[in-house]
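Heads up: the protein sequence lines correspond to chains C and W, in order.
Note that the numbering used here has the first sequence beginning at 1380, numbered continuously upward.
Note that the numbering used here has the second sequence beginning at 13, numbered continuously upward.
Please keep in mind that the hints were generated in silico from the structure rather than gathered at the bench.
Predicted model only: the values in this text are computed from it and were never measured.
C-beta: ideal position from N, C-alpha, C; glycine also.
The reader is advised that the hints may include incorrect statements.
[As the list claims (entries may be wrong)] Distance windows between CB atoms, simulated:
1. C:Val1759 to W:Val75: 22 to 32 Å
2. W:Met305 to C:Ala1471: 46 to 56 Å
3. C:Ala1713 to W:Gly72: 12 to 22 Å
4. C:Ser1457 to W:Ile296: 37 to 47 Å
5. C:Leu1758 to W:Asp76: 30 to 40 Å
6. W:Asp76 to C:Lys1550: 52 to 62 Å
Residue strings, one per chain:
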Amino acid sequence: MKKRSGIATALALVAVVAVVAALAGGRAAPASAAGVPCDGLPVGFMAPITGFVAFIGGEQLHWAQYSLDKFNKENGTSFTLSQFDTQDLNPALAQLGATKLSADKKVFGVVGPAGSQEVRASGPVFRKSGMAFLSGSATNADLTGGKYPTFFRVVGSDNQQATGDALFMIKKLKAKKVFIVDDQEAYSTGIADKAGNVLRSAGVTVQRESVSQKATDFSSLVSKISSDTDVVFLPWQVAASAQLFYQQMVEQGKKMPIFGSDGLDSGDFTAPGHYVSTFARDIHGLPGTAAVIKEYEDRYGTKWGSFGPPVYVSMQALLTAMKVSCKDKKSSRAEVIGNLRKVNLPNTILGLPVQFDGKGQNKFAKFYIYKITGDKKALVG
Amino acid sequence: MDWEFFVQQIVNGVTLGSVYALVALGYSLVYGILKLLNFAHGDVYMIGAFIGYGVLILFGGSVDPVIPIPLLILLMFLTAMIGCAVLGATIERFAYRPLRNAPRIAPLISALGVSFFLQNSALLLFSPNFRSYDTFSLYDGRLFLPLTAGPLHISPIRILVISSALGLMVALTLFVGRTQLGRAMRATAYDREAAAMMGINVDRVIVIAFLIGSALAGAAGVMIGLVFQRVFHTMGFVAGLKGFAAAVVGGIGSIPGAMVGGLVIGLAESFSIAYVSSTYSDLIVFGILITVMLVRPTGLLGKADIKKV
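With the rest of the complex left out, here is chain W (with noise of 0.2 Å):
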């Protein structure tokens, strides 16, 4: 057995699952409380990675910034999470707050029409030309050289961007554990009529609820951009798709269940690509989907909706 190429998969596996893992809770977030498939969610991500190669270039590129590296990476974060959140917010207001009390289907559809909106949008602003964050011009290439302990090599961008990704996904589940709004948004997401009757301002979580879905997409948008480099309008597309199959995966509407279902889910890719082949490693991923929902339909982590008849 080649443990360095095992451990190589792994690595690679968690690289990619963090990032589907926060695309999900997005996913996760937004249906629990709203029972609501957010189709735009994968654009969202696509404008964050826009947004964080905007703030690259605005501080002189990868080759020579203006302002110390580490400052400029967290600037690329905070102001896509920032810009994604406003955008989640506005498309909570205006493309599905209108149709909350309309059959399911009409913000299925609605999801659908912001989703294209978005990623048209994108296209006529920014060209379909591949943007690159160019992260191996930093530090002169420095970030991707590996680090090695045993059989595992890993480079300093996988370690920011894994720690990143967890550091996120911690502050959530303390957020939504430990805090009155937290405490709230389960209430919500419980039992919708009987939380508002509690007091409980719905409007306010659900908006908050796309807040945080779409600051966590914004950051992941950026670890793409800073792991793989590359960024185009039509990037939300997969990473949407993948993220809508480890939250499905995980569970809809659990918020561990979308980073254990992230997690398999970039496991399953990495290491079918390594062990299978590449060409059927997609067919693979979502075979894993089809099959826990013949298994297991509510998810890894999920839970049974019981209602009472």
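Bound conformation, chain C alone (with noise of 0.2 Å):
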């Protein structure tokens, strides 16, 4: 008897807990409330701040929160940054954080994720609670393809991406052939799978392999690669892996290139003579630059690479939309959704203008590939 009651007291107890919890969720459940006031609007900011890619999502935030309290101060608002850290470009965690930023009736938009499995996990609690989301970073092909219709990015898609550093390879590497490893996640199947059909058609051999995001020893692999490889293609998320892979290279003797797609774009990543695509081009000595830099650098330091800037730009793009949903001094998630659709910032420290299409991508993206010379990279594609 004593044995029972304790087991029902027990079924009581979380019973009790999750009416409690429910109630709680449903009294913060996500609102696009119409007419909102617009004083101290927070907007939501979602990246990998810890874990194996911080440098991506820590270097996303500086610029993020830059871009945010330089628009304040020259428009007069007064925005503030509500961030949520997805640790390792967790999709579980940025479904959680969608969920956390959606039930907060104060956010309109926000910037992040920052990879394409996060968007992908993210993209349908957003598009259930109407919120306009932008990535910097999150190139997938099919994110603007009409499934997130909330979504849009400031960045080119992998099938630009992938199709050019083919061509970079045919045309400029002359490889004849070419050894290619995902690292299993979807960004870079995604590349892969599309470089590899262009390399294909054009005649060169791929050999094709496949690794986990999250292996420590790359040795066998290495040894795989074939003395008449001419490139190596790592189209990775985490540029550690691929600078541990290069020095397998070494270890065995194979001195064919590595070309890294965006994700190996890092301090991380700093094998000489050896290639990255990326999104965003250094944007050092582009017009109007200048004092940005210097401004960011004196708050901030001067170790960033191609991921903050985008984001600056793409902060930009959300608070524009925001500020002309304000004008009546208050706003929802559809008015900003409807003016972003609008944003025209012919103008922006990219070196290219921002206009989105009817899928949310920005008509005027591209990739730039460099060459990494010791300490400095070449642009030269």
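Fit chain to chain and form the complex, with the hints in mind.
The following block contains the structure:
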């Protein structure tokens, strides 16, 4: 009898907790409330601030905060940042972040998440809550195929990147045989598939391999690279892994160049003489960027790459739309989305304009190819 | 048959296998005496890797160390081994000893709890970001330039790791086989109660088993850091799993079994990536574990536990 009453008590407690949680959740349920006052509105932000790719998230956070503060100063607005850490480009956390931000009825737009797999996970949540979200680095081609109607991006798609990378390997590197390794994530397999198709259609032999993003030893995979391979293509998200792959290539006397996608464009991949493509060119030296760079570096230091500036511009685009929506001192998520579709930024620090097509893709986005030379990179394509 | 490719897989497999063998030895030493699966062992290995990293940074990092590199590497090993030995003994004293006479599930759950505690402590202390030994910068990358002899290409760093692991395994074998304390450990593993009746301080023997097993795990952590360079708070999970698989394949409780099991698992992983696919390497490795369990449940070198009824 004592045992039964103990079980019953435990079940009753669980039921009470569940009911309380549901009520609490219901009170904070997502609401695309019309006419919410604009003062101090939080802007959502999602990025992998900690974890394997913290170099991406940390940089994006700084540029997002800087962009928001600058916009507030220049426009007399008082938007704030409401950040969520998605750690390791984790789709489960991205979904959780989307749910949390959607539940806050004061959030009308989100910058982030960073990774394509995170956009897939958070897209349905944002679609349901009618929340606009802009990514400065999620490049998978099908993200702007119509499945995520509230998604926008200022950078190009992986189809552009994969095609451009493959054509560079064919025309400039004269590749006849390419060894492609994907890291089993959506971003990587998408680029690997597309680049492989372009290479094969040009008569290039493609050897395709796959490895987990969490792998720490590539020795056996490296030994599969035959001596007649001209290029090793690594469309990976974790640059530190590619650096280890390069070092293990050196260990086994493999001297062919590595060509990495934009995930490798970071201080963690410094293999000299190798190549990376990137969705944003180095903004140093572009018109109008000197003052921005100086202000940013005075605040956050000089260690940043190509992941920050697109987020700066994404935040600019979102805040521009929110400012227009707030002209009557009130705003809504639907209004912000409508205004985002009309945003026109003719001059941005990326060196190209921003204007979104009907599916949220920036019409003017493109990819760039760099060759790593010591501490620097040289634009080669 | 591409002999160069084949021999390269042996080098890769033996490197990995040496590390797994050291981790497996820790499992076998403790299981042999206490019949306890120390699930925190993989995380002791992770702590060892972080201790090695800490020593490396303390002495200037790999780009510009302030002491000679051989001395630096030796200090990394010694500090990690001593640090992990102390950690192992502490875990035994506070997480396992009070539960020695409890039902066997209790210390198992305690071990899992210790594992989570260590992992999350590392997460809080060191953040989830990778730390890199950046061994490539030592001697301007020369530790990674291969030495060649016919079809064999092997880098100095791998020679260092394999020879260190071998040296530790030989030292352990000699210690267990030829010293009085080793004899006491074997007696306690055979029959704990009888050993106590013969005057062996069983508590002391158990502590020493944890000291040695954890020290070996610490050494393994530094080896992995030197060869693969990355350390992070969850690295103990997979290594612990594979070390455990190695111990079971070799025969849990058997020291030579742990060494053989480690090599089998390391070579299986390397050859499956090379000749099948890296996607299926874990499937193949754990498939081997299941096959060995079905065909020879005591493991390759394990002995059946005969009980008088």
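Against the structure, the hints:
1. Take Val1759 of chain C and Val75 of chain W: their Cβ atoms lie about 28 Å apart, and the range 22 to 32 Å holds.
2. Against the hinted window of 46 to 56 Å, the Cβ-Cβ separation of Met305 of chain W and Ala1471 of chain C comes to about 33 Å, which falls outside the hint.
3. Between Ala1713 of chain C and Gly72 of chain W the Cβ separation comes to about 58 Å, which falls outside the hinted range of 12 to 22 Å.
4. Here the CB-CB span from Ser1457 of chain C to Ile296 of chain W is close to 59 Å, at odds with the stated 37 to 47 Å.
5. Range check, Leu1758 of chain C to Asp76 of chain W: about 31 Å between beta-carbon atoms, so the 30 to 40 Å window is met.
6. Judged by the Cβ atoms, the range 52 to 62 Å given for Asp76 of chain W and Lys1550 of chain C is violated: they are separated by roughly 41 Å.
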